[in-house]
Amino acid sequence: MPHKVLIVDDAMFMRAMIRDILVNSGHYEVVGEASNGEEAVGQYQSLNPDVVRMDIVMPQMDGIEACREILKDHPKARIIMCSALGQEALVIESIAAGAKDFIVKPFSAEKVLKVFDSVMAE
Amino acid sequence: MDLSKYLDLFLQEGQEHLASLRDGISGGIFDAGAVQILFRSAHSLKGMAASMGFDTLAGVAHALEDLMNLWQQGGAVEAADQQAAQRAVDLLDALMDRVQTHQSDKGFEPQVAPVLEALKTCAAGRGAPTSEKTPPEEAQTPHPRPTGGAQAETPPGEQPQGEEPASGAGSPGGEKRKPATIRVSVDPGSPLAAARILVVNQRLQQATEVLDMTPPLKDIQKGNVKTVAFRVPQRGDLKELARGLQDLPEIVQVELEVPKAAPDEAAADASLIQSVQVRSTDLDALLAETSQLLYNLNSLEADLPRAERRKHGNWLDSHRALLTRLFDQVLSIRLVSFKRLTDRIERTARDLSDRLGKPLRIEVSGADQQADRSLVEKLLPPITHLIRNAVDHGLEEAQERQAAGKDPVGTLRLQISREAESLLIEFRDDGRGLDLEGIRKKAVERGILSASDASLLDKRRVLELISLPAFSTRTRVSEVSGRGVGMDVVYASVESLGGRLEMDTEKGKGTSFTLVIPSAVTLTQVLTFGWSDEIRFALPTSLVLRLYPLTQYPIVTVGNRKYLQTEEDLVPVLSWGYGPVGREGCGILLAGSHGNRALLVPMVFQSERVIILPLGQPLESIQEWIGGTHLSSGQVAYVLDGRALATKYGEVPEA
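Chains as they are written, first to last, in my numbering: chain V, 1 to 122; chain G, 1001 to 1655.
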């Protein structure tokens, strides 16, 4: 059974890239996409995915905030943060807020899947 | 990763961000909202460029982003800043064009350095360093957040340190056990090591309690710390916990240190930090020398007159026991688990699945079985071949499977187990099964059998036909599994290991292959026989099916072939031997590729446990000789590969 993923990123290009990596592995299915934190929270409520891939820097509600909001109602949510280099403090903050793991751009399919598989295995 | 298909998307979105930057900077309005937008555009552009591998572009965008980050923190935006930013945007423009025409951002190197210099100077002028390594203090101030919202929380690294080890009183048995230390090393290539360590910390917190972390998170953020020590209470399965951590992404090494509280607490967990690397040639030498010791002892005992033997009986026995234990231990050092093989097999299966577009899952069990390292290595080529065959020819395309009511995702199952002195490696697929009719037809076409004979063959014999060289029912040569000549190679590999291959298939349901490999991990039980005291041979008893004394079971001749007449069957006699065999001899029943065969020998001595040693060249090339051994009597005997013998010398010529 492929795991259901919600992809959150304000860049359509990034969403496409992640979607391809996940779907090609055969183990994941993208059930929804959101382009900002607010949409992400809404989508999580309606879709109840197995795991969320959340960009940190976004308009209208950033990833960390969205992470907190989602965890409020769904404390067991699996959220994987995505950041660019030089954002260690933000990543640390999101892990402290309850995100399970993170990936860093630029990423390879292998690294992404390793993190996803590791989070799903828990 | 093939990134070319994202190029259009990248260019489209990238140009949008670039436009927003251009307008924003030349517009000259730098209030909080405007700067926020600029910052986000630079940030997005950086991320996208990095993902596409355009490092130069990403680098310039990063420097620009850093500057804008500082703009966000307040203060006027000077003309110098604006200018530096403008130049950066111009360069980004040129780079983007380059990407559009040449799919690369190279060729602008001379212009890049001054732009970066200018940006850095402006950033420095504002009194804060660039965001390469975020100083720990920044973790507490709002690192630019687009919402300008809530303050950052206290760095989480502080929390574990504040906790009291409450475990002391509460641990089972009420003893005060010293905490264990788990040392975790992060991949030196990891870009955000501190965050990675934090993930490990969170995982540990879920499984047990983290008493403290050395060095603390703040120091890790400062940079260049790649190994962290976590102290956890000595509770639960720490080895399992450490193993779990090793599987996490970007973690390269996990060491577990359990302090000894009492002398009776075994340092069993030392296995994770105390491993040495040994050359396999050294191990081979060790094995040879140890077996020589055993042989010397046996020789000595054989040479002693009976009275002496009795007198020193105890010493001889205890010595033999010690040496046997030593030998067993040396053998066990050569033991490795099958995991190295199954890991590769799994990778190969996934690779093939991708390449051929056939979704599949591979289930492995028994990977923790152990066997001599050379055996495990020798099994890799045949098993790999079976996998290739299964994915290439066995598994149907997803659509075909679905139409047949099967799960569109194929299943491959690899199971490794032990039965008495043999290793059983079972590999099965749930594909279309082997085409028995096709095999029959091909055999007739190739002139191996006549049509009427072919129709008489039962399933088992049809399957055995596949082992013949150059036998293939596939007309198209597939680049993945070759011409189908592989099956005879698989058979040969298995036989050279003294094993046999069993197959079964069912149309539409799948095929299974079972490799049965004799693999004693200690001494091998053999049956010795020969033509005289000097000419002795041995056969692993696991290959001997039965013994037939020739006084009770006659040899009959049918046509020009000799057969041993047993209760059920006429067993063809092997044309192998060192001389005539009279009526006091014995028929040894062996299983060959094409059926059972009888080996006639004049004298059967006994069954004993021996060490089989490799013969070395040139004798090693004799297929039917597994090795040599020193018998307990002191003589050398050649150990035969019963199956190879039965196959090679068991040809039944056509009637």
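Don't read these hints as lab results, they were simulated from the structure.
Please note that a few of the clues may not be correct.
[What the hints assert, rightly or not] Derived pair list, reagent style BS3-like, types lysine-lysine, alpha-carbon separation capped at 27 Å:
no.: 1; chain 1: G; residue 1: Lys1226; chain 2: V; residue 2: Lys4
no.: 2; chain 1: G; residue 1: Lys1226; chain 2: V; residue 2: Lys111
no.: 3; chain 1: G; residue 1: Lys1406; chain 2: V; residue 2: Lys111
[What the hints assert, rightly or not] Pairwise CB distance ranges, derived in the manner of DEER restraints:
no.: 4; chain 1: G; residue 1: Thr1227; chain 2: V; residue 2: Asp117; range: 22 to 30 Å
no.: 5; chain 1: G; residue 1: Gln1246; chain 2: V; residue 2: Ser46; range: 32 to 40 Å
no.: 6; chain 1: V; residue 1: Gly26; chain 2: G; residue 2: Glu1568; range: 47 to 55 Å
no.: 7; chain 1: G; residue 1: Asp1435; chain 2: V; residue 2: Asp20; range: 34 to 42 Å
no.: 8; chain 1: V; residue 1: Gly26; chain 2: G; residue 2: Gln1100; range: 48 to 56 Å
no.: 9; chain 1: G; residue 1: Leu1380; chain 2: V; residue 2: Asp117; range: 38 to 46 Å
no.: 10; chain 1: G; residue 1: Thr1227; chain 2: V; residue 2: Pro59; range: 34 to 42 Å
no.: 11; chain 1: G; residue 1: Ser1332; chain 2: V; residue 2: Gly42; range: 58 to 66 Å
[As the list claims (entries may be wrong)] Here are a few chain V residues that sit away from chain G, every Cβ distance over 10 Å (derived from the structure):
no.: 12; residue: Glu29
no.: 13; residue: Val41
no.: 14; residue: Gly42
no.: 15; residue: Leu47
no.: 16; residue: Asp50
no.: 17; residue: Lys72
no.: 18; residue: Ala96
no.: 19; residue: Ala121
Glycine residues also receive a C-beta, built at the ideal position from the N, C-alpha and C atoms.
Do the hints match the structure? See the list:
1. Lys1226/G x Lys4/V: Roughly 34 Å between the alpha carbons, so the hint for Lys1226/G and Lys4/V is violated.
2. Lys1226/G x Lys111/V: Given pair Lys1226/G, Lys111/V holds - Cα atoms ~19 Å apart, limit 27 Å.
3. Lys1406/G x Lys111/V: With a Cα-Cα distance of about 32 Å, the restraint between Lys1406/G and Lys111/V is violated, given a limit of 27 Å.
4. Thr1227/G x Asp117/V: 22 to 30 Å: This hint holds: roughly 24 Å between Cβ atoms.
5. Gln1246/G x Ser46/V: 32 to 40 Å: Check passed, 38 Å falls within 32 to 40 Å.
6. Gly26/V x Glu1568/G: 47 to 55 Å: 51 Å, holds
7. Asp1435/G x Asp20/V: 34 to 42 Å: 37 Å, holds
8. Gly26/V x Gln1100/G: 48 to 56 Å: 34 Å, violated
9. Leu1380/G x Asp117/V: 38 to 46 Å: 25 Å, violated
10. Thr1227/G x Pro59/V: 34 to 42 Å: 39 Å, holds
11. Ser1332/G x Gly42/V: 58 to 66 Å: 60 Å, holds
12. Glu29: Consistent with the label, Glu29/V stays out of reach of chain G, its closest Cβ about 13 Å off (over 10 Å).
13. Val41: 13 Å, holds
14. Gly42: The assertion about Gly42/V holds, with a minimum of 17 Å to chain G.
15. Leu47: 23 Å, holds
16. Asp50: 18 Å, holds
17. Lys72: 14 Å, holds
18. Ala96: With a cut-off of 10 Å, Ala96/V comes too close to chain G, as the shortest Cβ separation is near 4 Å.
19. Ala121: Violated: least Cβ distance 8 Å, not greater than 10 Å.
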